[in-house]
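Model the full assembly from the supplied sequences, consistent with the hints where possible.
The residues making up each chain are set out below.
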Amino acid sequence: MAYSNMLKRAKNLIFKYRIYILGIFCLGLIWDIFFNPQISDLAVLILGLLWILSIFNFKFEPKISFALAAASYGISFIFQFFNQEVIMEKGASWFFVFLLIGLVQSFRE
Amino acid sequence: MNKIFWLFIALFVFLIFRSWFALGEISAGDAGFYFPETLKGFPSFPYLWVGDGLGSYSSLLYYFSYLVLPLKLLAVLGLPWVLIERIVWYWPFLILGIFSSWFLVKTVLPEGKFRFLTLLIYLFNTYILMIVGGGQASIFLPYAIAPLVLGLFIQLTNYSTANYELRARKTVIAGLVLAIQLALEPRIAAITVAALIFYLFFEYRLAILKYLKIFLIPLSIVVGIHFYWILPTIILRKGSYDTILSSFGWVGFLSFANFSNSLSLLHPNWPQNIFGKTYLMRPEFLVLPILAFIGLLFVNELKNPRIKKIILGFSLLGLIGAFLAKGANPPLGEIYLWLFSNLPGMNLFRDASKFYILVALSYSILIPFSISEIYKRLGPLSKIFLLLVISYLLFLVRPAVFGQLGGTFKTKTVSLDYLQLKDFLNSQDEFFRTFWIPKQQRFGFYANNHPAISAENFLTDTVCLKPFCPLKVAMPEKWGQKCFPNDHCYVRELSYFLNPQTAAILAQMAVKYIIVPFDSEKEIFIAEHQYNHQQREEVEEFLDTISWLKKIDVAEKIAVYELPESKDHFFGIGEEMAEVQWQMINPTKYKVQVKNISRPFKLVFSETYDKLWQTKLEGGTISSQPYMSVLNSFLINKTGDFEVMVELAGQKYVYWGGVVSLATLLLSLGGLIYFRPRKTRQR
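In order, the protein sequences belong to chains A and B.
Per numbering that gives the first Met the number 0: the first sequence = residues 0 to 108.
Per numbering that gives the first Met the number 0: the second sequence = residues 0 to 682.
Calculated directly from the structure, the hints in this document are not laboratory data.
Keep in mind it's a predicted model, so treat the numbers as computed, not measured.
Check each hint, because a few of them may be wrong.
What the hints assert, rightly or not - Where chain A lies over chain B, by a calculated footprint (3+ residues, C-beta under 8 Å): (1) 251-260; (2) 289-298.
Claimed, not checked - Pairs of lysine-lysine residues, derived as DSS-like cross-links and limited to a Cα-Cα distance of at most 25 Å, are as follows: (3) B/K549 x B/K471; (4) B/K375 x A/K62; (5) B/K411 x B/K71; (6) B/K307 x A/K58; (7) A/K62 x A/K7; (8) B/K521 x B/K411; (9) B/K308 x A/K62; (10) B/K588 x B/K556; (11) B/K302 x A/K62; (12) A/K62 x B/K307; (13) B/K481 x B/K465; (14) B/K549 x B/K588; (15) B/K237 x B/K588; (16) A/K58 x B/K308.
Yeah, the Cβ is synthetic: ideal placement off N, Cα and C, and Gly gets one too.
Quick look at the structure:
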């Protein structure tokens, strides 16, 4: 009982601060792609989780994830021409993450 | 229109694989070259032991039925090697690859347009072209079969139980085809089955009984047919696989691809195919995933929910394949390492690039789907778009189209020196071994009575094995001055030749000749990814200084040295008057006749020591004891003239398993005849 109450409170809290979660995700994504000098597993895991929470909070459709995947891939594509290998690789990684989340959403639907 | 496309496919097959339709050897990379004398000595039955080198457990056991036996049969029929290699390895890749990928796309997208694109993507992508170029027949052949296996099993999910006979026939066929794939390379078969389970998950979720219904009979056929090597592997725990395949440290080293490479179906070694030499990402390849995944935008408009599920399933399969193919590289490379350590069977995938197969399978379905959906929407521009896509796919593999790829894409000629060496060795009937420094060249002759040992199997900068490791001495500074710092220095690995004991050790290993090969293919004396002729010269100069080696004139470009003495395959120790004659019945059984024995003695069998070697004498057995740490020896307490049988004890499990294999094969073929189409039976 205490556990389900806690879970409910956590859900309410996450829902209450959904806009901040989305904001942190957006800023974090930009930071990770353009300013983080390494390909960080932790960043992928945390930002991925924030995006999944945002999907639940805002009831985003899979096409939003696909759009983010396309945008990430676009970044990867563009930065290839500037020989920015780390940014290119991160764009490809985020393409994978968003596409994976979008596909799982599609299957759930 | 269809005829034009098929003509177009045929044209590009001939253009890209033109060396396969020309005359000349195409041996390169892993694809060996065999003289007819060598091929005729290949075993006609799977044996647990092979006499190559100093003898070892057979790593050929599981692919004996496809990659060993047909080579021997065709050689016995008198066909030349240039034809044998094409009949057994290269042409089947093209025929199977075309048929199999066509079969898959017809199964999953029965009404799909532009299915010929599947062939273009599956057969002409950089991954498989590099595998083919590297002569990895045990990878490219099961790769060619993979879509057929997938298609057959997917068909099984579609047949209703009412159509019992058709279902039974397809079940047997699926089992037999999977058995063939497994005979070529179990790891590729495992990837195909994993892809299949993944596909079925979207159909059946966790309904285990439904999986059993699909897999039980085919997998029983597969296990039954392969029981001849599965049984000894389980009982003896001597895997057909080399244990080095599962070493953890290799995973990171062999993870050459990054995410951009694997998502773009771009082999990291493309196009030069030099092991370990990776290239920068090429922008043109980044369009390929766009073509593959853009189809997802149209999925919701599909009326057929099954096709929607297939497209989503193959998209996910491609993503998982791309993730695994990058191996231990970031991001989340630890997941691969964790799977490697904890998932049973995953430790066979130290080279993660094998998962490119999943990406190729996925894209070969997704791209034709995406193109057909875009084509529908483009109106008058559609034909131009299609032409652009085809041109783009061919542009990606332009080095192959323009004949710039090496490896098996180029024909070569066996140097006259190697023909002279073969004649020289083959003219001698007695048993002896050749010792190649640093390793046997691909055109170097060997046969059952003249096995070839590569020095690098015992001693390199990273390997140090008995009996040569303890013989190492300090190497004078003057040797190795031409080597690159921090790279392979071949001459400095030979210090054991300065030790006078080495001559006696080599003699007891039945080595008669030391050979420094002529590196005609420039693939042995490699330093800093390039052929380094100076290193070969230095090795020869060094061996010239060894007093107990006599240089003999056999071929101009190959250095051959004769040892002062070499022992036979069997010889006696402790009884100098012993006369030992032997006859090989098969690689796991020898009949040895011993004469003039006046006191107990040690019978030495110069093959790698293994405790399963035993001697049968007067109803009893004598187990092998190590001799010189590496050879077998048997202490014989009998005098006079007598005969002993030397046998590898584990071979009996191959025979027992072989009975099950034969019975399963006959039952499966009987099933195929019994469940043949009804109309034919009525006739």
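We went through each hint and held it up to the structure:
Look at the stretch 251-260 of chain B against chain A: 3 of its residues bring a Cβ nearer than 8 Å to a Cβ of that chain, three or more, so the hint holds. Closer than 8 Å: that is the beta-carbon criterion, and the stretch 289-298 of chain B has 5 residues meeting it against chain A, so the requirement of 3 holds. Between B/K549 and B/K471, the direct Cα distance comes to roughly 21 Å. Compliance with the 25 Å bound is thereby established for this hinted pair. Pair hint B/K375 plus A/K62 holds up; C-alpha atoms about 21 Å apart against a cutoff of 25 Å.
Pair hint B/K411 plus B/K71 holds up; C-alpha atoms about 22 Å apart against a cutoff of 25 Å. Only pairs whose Cα atoms come within 25 Å are accepted, and B/K307 paired with A/K58 is accepted, the gap being roughly 22 Å. Of the pairs offered as hints, the one joining A/K62 and A/K7 is violated, with about 28 Å between alpha carbons and a cut-off of 25 Å exceeded. As the CA atoms of B/K521 and B/K411 are separated by approximately 13 Å, the hinted pair is consistent with the 25 Å bound.
Our distance criterion of 25 Å between C-alpha atoms is met by B/K308 and A/K62, whose separation comes to about 16 Å. For the hint pairing B/K588 with B/K556, the CA-to-CA distance comes to about 38 Å; that exceeds 25 Å, so the pair is violated. Only pairs whose Cα atoms come within 25 Å are accepted, and B/K302 paired with A/K62 is accepted, the gap being roughly 18 Å. Taking the CA atoms of A/K62 and B/K307, the gap is near 15 Å; set against the 25 Å cutoff, the hint holds.
Straight-line distance between C-alpha atoms of B/K481 and B/K465 comes to about 28 Å, which puts the hinted pair past the 25 Å bound. Distance hint between B/K549 and B/K588 is unfulfilled; the C-alpha atoms sit about 34 Å from each other, more than 25 Å. A threshold of 25 Å between alpha carbons decides the hint, and for B/K237 with B/K588 the separation of about 18 Å falls inside it, so the pair holds. A distance of roughly 22 Å separates the Cα atoms of A/K58 and B/K308; the hinted pair therefore holds under the 25 Å criterion.
Hint compliance for this structure: hints 7, 10, 13, 14 are not met, and every other hint is.
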